[in-house]
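Trainee: Following the hints, position chains B, C and D against chain A.
From first to last, the protein sequence lines stand for chains A, B, C and D. Taking UniProt numbering, the leading residue of the first sequence gets 1, the next gets one more, and so forth. Taking UniProt numbering, the leading residue of the second sequence gets 1, the next gets one more, and so forth. Taking UniProt numbering, the leading residue of the third sequence gets 1, the next gets one more, and so forth. Taking UniProt numbering, the leading residue of the fourth sequence gets 1, the next gets one more, and so forth.
One thing to keep in mind: the hints can contain errors.
No copy labels: a pair is met if it fits in one copy or bridges any two.
In the DSSO-like style, the derived pairs of lysine-lysine whose C-alpha atoms are separated by at most 30 angstroms in a straight line are [said to hold, decoys possible]:
| id | residue 1 | residue 2 |
| --- | --- | --- |
| 1 | K148 | K24 |
| 2 | K304 | K261 |
| 3 | K148 | K199 |
| 4 | K261 | K327 |
| 5 | K304 | K68 |
| 6 | K24 | K304 |
| 7 | K199 | K261 |
| 8 | K27 | K202 |
| 9 | K304 | K27 |
| 10 | K148 | K27 |
| 11 | K24 | K68 |
| 12 | K327 | K304 |
| 13 | K148 | K202 |
| 14 | K115 | K327 |
| 15 | K63 | K199 |
| 16 | K27 | K63 |
Note that these hints are calculated values from the structure, not bench results. Since we're looking at a predicted model, the values are computed, not measured.
There are 4 protein chains.
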Amino acid sequence: MIIVLKPHATEADAQAILARIEAKNLKPLYMPGVERIVLGAIGDERVLAELNIEADPIVEEVKPILSKYKLVARELHPHDTQVPLGNTQIGGERFVVIAGPCSVESREQLMAVSKMVKANGAVAIRGGAYKPRTSPYAFQGLGVEGLKLLKEVNQELGIPTVSEVISPEDAEMMAGYVDMLQIGARNMYNYRLLEAVGKTGKPVMLKRGLSATIEEFLLAAEYILAQGNPNVVLCERGIRTFETATRNTLDLNAVALLKQKTHLPVVVDPSHGTGIRELVIPLSRAAAAVGADGIIVESHMNPKEALSDGHQALTQDLFEQLMRELKPFVAAAGRTL
Amino acid sequence: MIIVLKPHATEADAQAILARIEAKNLKPLYMPGVERIVLGAIGDERVLAELNIEADPIVEEVKPILSKYKLVARELHPHDTQVPLGNTQIGGERFVVIAGPCSVESREQLMAVSKMVKANGAVAIRGGAYKPRTSPYAFQGLGVEGLKLLKEVNQELGIPTVSEVISPEDAEMMAGYVDMLQIGARNMYNYRLLEAVGKTGKPVMLKRGLSATIEEFLLAAEYILAQGNPNVVLCERGIRTFETATRNTLDLNAVALLKQKTHLPVVVDPSHGTGIRELVIPLSRAAAAVGADGIIVESHMNPKEALSDGHQALTQDLFEQLMRELKPFVAAAGRTL
Amino acid sequence: MIIVLKPHATEADAQAILARIEAKNLKPLYMPGVERIVLGAIGDERVLAELNIEADPIVEEVKPILSKYKLVARELHPHDTQVPLGNTQIGGERFVVIAGPCSVESREQLMAVSKMVKANGAVAIRGGAYKPRTSPYAFQGLGVEGLKLLKEVNQELGIPTVSEVISPEDAEMMAGYVDMLQIGARNMYNYRLLEAVGKTGKPVMLKRGLSATIEEFLLAAEYILAQGNPNVVLCERGIRTFETATRNTLDLNAVALLKQKTHLPVVVDPSHGTGIRELVIPLSRAAAAVGADGIIVESHMNPKEALSDGHQALTQDLFEQLMRELKPFVAAAGRTL
Amino acid sequence: MIIVLKPHATEADAQAILARIEAKNLKPLYMPGVERIVLGAIGDERVLAELNIEADPIVEEVKPILSKYKLVARELHPHDTQVPLGNTQIGGERFVVIAGPCSVESREQLMAVSKMVKANGAVAIRGGAYKPRTSPYAFQGLGVEGLKLLKEVNQELGIPTVSEVISPEDAEMMAGYVDMLQIGARNMYNYRLLEAVGKTGKPVMLKRGLSATIEEFLLAAEYILAQGNPNVVLCERGIRTFETATRNTLDLNAVALLKQKTHLPVVVDPSHGTGIRELVIPLSRAAAAVGADGIIVESHMNPKEALSDGHQALTQDLFEQLMRELKPFVAAAGRTL
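If we strip away everything but chain A, and leave its shape as in the complex, we get (with noise of 0.2 angstroms):
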């Protein structure tokens, strides 16, 4: 149920009927907008229609929510949501590039390359602690020593880091070492996974599942907001077919339709999207001419020796290219890199 209130409604006037939802077990939602309050109140209809809310005098309109993914709807919320990342944005006027390896190694891997995509551009490094392997004994990442390597980044180089959680019980301690937490794609049907990450208020990249309707994955996203965190980005990072040419098919079909279902922000990850390094940058460029928000990509200064996902790494030379060539098309899309 959305509840719009009259212009003249107050914020206390608004508590008031947030109490009275709460107090039926029922899921308030306080949306102050520029011109009027919003409120939503998410739960059995039955309970809802008891309240009566339509009969306060401080009420304009009340109206049913028809999207399933109520939070994340553009319906309720039309303006574009802005996802804070350290200083700057993502969802706003800037097409953010984020960059790094795909695992932290070393403090040397680490800091080396993150100078290096600082330097071209990149406004935050991503680098995983925690890696989710397909063998249980493939390199399983550093664990606290990659997240307090982060730290040191953020701190050293003054730029923000993302880095992936894959249990509940990470979620509040990784918290406190990076800046936007990543949910990857094989845990997007993880729910206590999004719950945990829910919770902590702390900006959440969430990626697309291997092969997760569009739907599906704004309902992900839609089990992070309903925890009380609106930081949500969504990153679509290519999805299983029958091409085995490239190691995924980067749907950017997807991209366009979610950002005319959603007011969060979508970025693309072009490295797995594609999963050879040679495809990344026309598919960045593709991703800026599309209408994402920015990308995210895999860099290593020296790809050959990387643990993991060495093969869809950028050189320097090629994150330095991807960099130069992104310009027109970003310019193109009114924004600015």
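Mentor: Chains B, C and D alone, transformed into the frame defined by chain A:
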């Protein structure tokens, strides 16, 4: 590394070698066979080499493990594993039928359907207490209340139960209520959860992910076995394809292939695999024919009122027909029902 | 439009109505049943209405056709169709096994494998003379020379033959050499070819396209029936999915669903459906159990030297094993082999 | 076999060698370059060896062809091919926009939309006269009548036309009416049709099959080039995946990869690739950014009354917006519109 001991080797000989393996922080495996004791050592190949185990006079042969999934492959373990479930086993002569509701909804609902399916030959009851639902607003299961009802059914009817675990922190607790822990399709890549159920030592039913390859599926099982838990049953439950006439595409190719590649039992879930009540019986017959060790089906006394997945649940009439129709195919496969 | 005539209606009554339908350039259908004569009229609904057929005293009822595929749906034709193939039928009590090489390579090769599979119970010989190959440089089949060899086998061994047609202009000519025309998976959407085989009146085996939905498959059959040829057998041969461990994913869901939706016989091709010789037997058993009317398998006396698809062809030993293993499952399905 | 001639070799030298190749029933290829004449010989490797071409003093080097697709690979032909279309080319500096209705419906409909898209910068008109429809009862196109209308548009407006051919026997005839023959997605594996359009020598637009791999797509083009017709444009038009929110999944990975693997031009069809009018513009921008040589879009003056695919056709307003929005992205790609 696979270490085959000489015929006269004792358990004490084996333990001595295992201690050396463990001292190097490698994973030791003890696999006593009818004729020989076989040991395994999993970890960094260079460290393994330092052990110079070939030189031990009690060792007959040392060979590398070729499969990526070392513990689940038939390579190391040619005989079929039988996983205990109450008084019966999965993977033996008996073709097992596990049945019950999608969700545990109430004592009456669960008890009624449990009695019915038990009377018709089901060897275990399935029922969800924690439901991983696409929408955060959908019925999420009764939680501990549901587990208590499953325990009651177990004690009153003397039949084992299977229920899904969705969070690592719940694994130990749930092991106290049910006889087999299920990992759902959405959590097949949730490696922390796999490790958690591995640590409980409890029998596990591992469902194939929506778009998991057979190799990824076997490696997910490997995560559980690598924690020292050999009691894993694989469950094919349909994959996601372009076809929309059925909910999923049941992949019986995978069942035949899995039976060749692994010693673990394989069961089939035709309820989720088709999503259509009328297709459950023919696909159950096909599961028996293709070589599966059993099926797990959804059943409900009144599917129209089910809180989840009612359209694919078998009524009493259909469940009785299922058991009747299965009989000759199970016999043709040289097994009993 | 379905037109049910009154019980006492004669064939002459029916012909009078059919003439009126034809005079309006609509497609008339004559479907005499045991109890009633049923007629059909397919075409522009407004023109149909002008005929005012309800007013005819010999007409009991006029109703619209709801299925998109009007001629292949069970709606209009509840009883199973039996398609003649030499002295036998597909779709009757007998579970048919059609076998032979992927390609006709030589007289010796074809004769040897034909004798072997016939001796073991195959009811028809398959063999490609025109091969639609992915590469223009691959062996394209012997052409008319291959057809002549199939005719020789037919005459010498008294067994019917099936062979693929790949061009509309060949349909009539091929109908003179073989007993059943096959439309391959790659040509399922080749509507001109479907119309051409429809016009020959010859029995047709229509294979499902690589990524054809069940509805598209049934509509492809409808193209053939709409030319007046009711003798169509549907063949499920595996669909293209993300899984690469098998060549295709055999979709037995589709077989069960097709048997409910259409009166046409359905056979299964486990050779292409799996692409792995060792999986052909278990999937053939499953095909019998799921309700298929038969299988079509590739067999070769010396698969290592086959000019195409050798890895999935059954050797003599495996073919004999197939027939032995099939027997109890075919019996369990209430049919004969 | 690739045969590189010495710098001073003349065309007569080349013809002498080609004659020797042809005399052995091998396929000779003549590929004069700016610096060198390169010849090709395709066929049985043993016969090729017998020719002993290395020994010819005019031959500098003989090397094997590694690609499966010998004529379409960049390996043999590093420079971009430009395919003529009326007075323009596809594959050159200009980013081409081809537009028009799904089906030619009437003179008025075709002329109106053709004038509109031409006035806005389209370089060619698309329009189907023969429509391969899923249902035999759907509108199948105007046939020759439609071709005549396309010819009229061509003569009256001086703009080239593209139309789909669905039967080998129509290829020659259609070549007399239109400027480019289109092979639709459903006929990509229809090798006889590919050969037929190859023989006409007319420019061909080859659409990727619904679930065709990139290798299969290139080999389909190879079928056309192998008939001596070098004028092939590849068209990515979306593949079939599990996603149902869009009609198909436009695979821009494929476009970037194709541009690396082949010298043939590649265009994108965002109308079929998305199936949603509102997504056509963002995906067209992305097509320009990823490196495509143009787009082909459906447009209709009154989409609600279109006989086919109305939901994805651009109205005049949207077509004008498309051309406006494309401009900066085409410029960013270093091309002209």
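Trainee: Run every hint past the structure and note whether it holds.
Mentor: How the hints compare with the structure:
1. Taking the shortest alpha-carbon separations for K148 and K24, only the inter-copy value of 27 angstroms comes in at or below 30 angstroms, while the best intra-copy value is 44 angstroms.
2. With identical chains, the CA atoms of K304 and K261 are at most 30 angstroms apart between copies only, with a shortest distance of 23 angstroms across copies and 40 angstroms within one.
3. Proximity of K148 and K199 under a CA criterion of 30 angstroms is satisfied in both settings, with 22 angstroms inside one chain copy and 28 angstroms between copies.
4. Taking identical chains as interchangeable, the C-alpha atoms of K261 and K327 lie at most 30 angstroms apart whether they share a chain (27 angstroms) or sit on different chains (26 angstroms).
5. Within a single copy, K304 and K68 get their C-alpha atoms only as close as 45 angstroms, which misses the 30 angstroms cut-off; across copies the closest is 22 angstroms, which meets it.
6. For the identical chains of this complex, K24 and K304 are inter-copy neighbours only, at 29 angstroms across copies versus 59 angstroms inside a copy, given an alpha-carbon limit of 30 angstroms.
7. Proximity of K199 and K261 under a CA criterion of 30 angstroms is satisfied intra-copy only: 24 angstroms inside one chain copy versus 42 angstroms between copies.
8. Proximity of K27 to K202 under the C-alpha cut-off of 30 angstroms is restricted to the intra-copy arrangement: shortest distance 20 angstroms within a copy versus 37 angstroms between copies.
9. For the identical chains of this complex, K304 and K27 are inter-copy neighbours only, at 28 angstroms across copies versus 51 angstroms inside a copy, given an alpha-carbon limit of 30 angstroms.
10. In this assembly of identical chains, the alpha carbons of K148 and K27 lie at most 30 angstroms apart only when taken from different copies (28 angstroms versus 37 angstroms within one copy).
11. For a Cα distance limit of 30 angstroms, the shortest separation of K24 from K68 inside one copy, 22 angstroms, qualifies, whereas the shortest one across copies, 49 angstroms, does not.
12. Only within a single protomer do K327 and K304 lie at most 30 angstroms apart by alpha-carbon distance; the minimum there is 28 angstroms, versus 39 angstroms between protomers.
13. Taking identical chains as interchangeable, the C-alpha atoms of K148 and K202 lie at most 30 angstroms apart only when both belong to the same chain, with a minimum of 18 angstroms there against 36 angstroms between chains.
14. Proximity of K115 and K327 under a CA criterion of 30 angstroms is satisfied intra-copy only: 20 angstroms inside one chain copy versus 36 angstroms between copies.
15. Proximity of K63 and K199 under a CA criterion of 30 angstroms is satisfied intra-copy only: 28 angstroms inside one chain copy versus 49 angstroms between copies.
16. In this assembly of identical chains, the alpha carbons of K27 and K63 lie at most 30 angstroms apart only when taken from the same copy (16 angstroms versus 51 angstroms across copies).
The structure agrees with every numbered hint stated previously.
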